[in-house]
Amino acid sequence: MRAKSNLIRIKGIAPLAVVLAFGAVYFNLSYEQHLKKWLEQKATLAYGAAVDIDKLNVDLLNGQAHLQKIQITNPSSPLKNLFEIDKISLHFSVKELLKKKLVIHSVNVSGITSGSLRVNSGVIDDMLEESEEHPVLWQKTDTGVFANLRNQVKQGPLKYLSQITTGAYTLTKMPNLKKSLNSLKYLETLNQSFEKTHRDWTSKVSLLPTPTQLNAWQGDVATWGENPREIASAIDNEKRKHLAIQLREKYETITNELASAQKELTHIKNQMDGINQFLAEDIETLKKELNLPTQANDDLSFSLFGIHAISFLEKLSYWSDTFRHHGTVTFSTPQLEIVRTTNSKQIEYHFLNKKTEPSFYIGEVKLISGSDASNGLVGEFKNFTLFPHFYNYVSEASVRGNITGSNWEGIKLEVQLASENELPLEKVSFSVDSFPLEDFVIRSTSDFDIKISSGTAKLGIEAVFKGPRLDVTGIFETMGTKFSVKSQFSPFEELLDSLTRSRTILITKATAQGEKNSLQLTIESDFGKQLAKNIHETFIKQLAQIDDTLKTHVLDSLFPLRQTINEKIQDAENISLAQMRSTLNELESMMIYTKKYDPQAAKFKHRYSQAEKNHQTL
Amino acid sequence: MFAIRLLYRFIALFQTHANHHGISLGICAGMALGLSPQNSLHFWVFIALCFLIRVNLAATLISWVMFWLVAMLGKPAFFVVGDFLLNKKSLISLWNWLYELPFFPYTNFYVPNILGQMFFTTLIWLPLHIFSHKAARYLEPAVYHWWRTTKLYMLYRGYKPYAR
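Sequences listed follow chains A and B, in order. Just remember that the numbering used here sits 45 ahead of the position in the first sequence, which is counted from 1. Just remember that the numbering used here sits 182 ahead of the position in the second sequence, which is counted from 1.
It is worth saying that the hints were derived from the structure and are not from the lab. Here a beta-carbon is modelled for each residue, glycine too, at the ideal position from N, C-alpha and C.
With a Cα cut of at most 30 Å, we get these calculated DSSO-like pairs of lysine-lysine:
#, chain 1, residue 1, chain 2, residue 2
1, A, 145, B, 270
2, B, 271, A, 146
3, B, 271, A, 390
4, A, 472, A, 400
5, A, 144, B, 257
6, A, 400, B, 270
7, B, 270, A, 144
Here are the simulated distance ranges between beta carbons:
#, chain 1, residue 1, chain 2, residue 2, range
8, B, 306, A, 70, 32 to 40 Å
9, B, 284, A, 387, 22 to 30 Å
10, B, 335, A, 375, 50 to 58 Å
Given the sequences, and given the hints that come with them, work out the whole structure.
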């Protein structure tokens, strides 16, 4: 009987240790590559255009990670980067990582440049498609206006402007739209009708005398010189007369056929030219199908600038909403809360404890444009977490600095995401210490206008979004005079509505309501008007460029069929018609000798010449 | 030669510890594997234990496949059990403690259906062990006879010299 064995498999320890050692070595060597790929994929998917990371180093023991040369594609210009970041350094907590929590204490982002060229196109396959999981705009408010605005933004005709002008967008859509091209249908019909004509001509080749026949006739006619009509026998003369009539009749038939063929060929060539009319129609159809802009349906200004502004607000709101309402609270005490969240994969519970760190938290992010922090813009983000309502974190984003070369100094933009009595509260403040004014007019409902031809001004605006309401307070200071502004937009939709409707006017004119004395300020600037004019001119140029691009694409689609038809026309001219002309020449040279036996032959010479003349004209 | 010998030894592993205790432990280990998702920490711990503890790996493999099917089919039921447990007020402090432990959150116990499967595994481990131990005693002679007549076993016997 077998002895009772121990519970532990002694022989299994060594193989397991080897496997674990191999696993550890493989993990150590390759996890950075895997993590880099995973990050790129996730970022690309979330962003909608390619995000590339050149190098990733992770020091797990010291809780540090360094990402180098991060390229973020510009979605509307895939061969350029929206941003290129030289280096991102992260400092995270290893202790919390062991608890499956990502707590990042600090992030330093340096060397941000924009508009750099990419080696490869940053287009991804689904980029041009509408994403079903696109962030829902202004989820926290249930008003229809936001949904309408979202639709308007989504249907904005210029969203793919750069791709349209470079042709990338049209190329991807073109195969599906080919069926609706009238010019293509027209060419197909033309091709079919030409096929029929060509078949008729081929069948008429039998009318032409064979080379043997021609040789025999030429031999006969050659002998007539040796034996002129005067001394030839009556039988010979009768035979000659018969041949002369036969040649004339053949000549007449072929001349008629040649004239008819040339006429048909001319008709087909004319029809080929008629395609231009269909091309113009097709371009208009394509514009409609591709939802491209026209001068009538858009004045561009909002599409060019507003779409970016709305996109920014949309993302801001989406993230604010997502972080604030991340899941359902199933249990709550001041110190502990259980939140049930649903993501695309599964339902899970999070146990939030005030005494411990959140499962996701970013303490501080510092962005420095260019290489020097003192020159340019500096951005800061603070306190980003998944459950800010529980941890009482106020998320902040701020941008500070100067725009060198444009005399804009002391720019400061701050965004705060917080809550007040469970009501979402977003605060946006913008201030500029000094910016130039040129031909600036301040009009009021009182009895004075102020016109500043040249000077500087200071501006400070604070906007607070409290649920659906927007409160704006601000100070505008110039030439030693202060204007304080306090406005309340309730409902907040009014502002968005004016954004979508007023468009160009928004650039040239802004109004604000004074606090106590109901002072109505209207600010107009020549700079704004000039800007609007320039935008309009750019738009006209872009439209022309779009038309050219579409025409090229349509012509490219028609190319194979046009080539086929042109080859057939060439074949008809070079083979069928040339054969007829050659035969006519042969017959004509014989008829010089036979016409004295057939007086009617002379006038057919004229007919052939007329046909030849027609051909030359073509 | 080395590869064949390695393969032989791997197949031989499945023949080892074919006693009643090894088989029943193997069935229980297979159940634990089948009811653990592959992206969880405890799955890999169970895999390591299968090689460290004297269990019959053939029984483990068969049991794994069977309980993987059970996990698939019983997902809604496991979800209900897990959801109930995660919401049970008396257990909240336990979950909170586990949530803050190092490594343990990598088991994904806070996902209701995974917790349901973990609970089910714990619950039926002992009954399954007792039942499979008894079943192995009755079924072993017949299964052992059948195994000796299979072509795979013949093949294994034929290559036996490579094991040395």
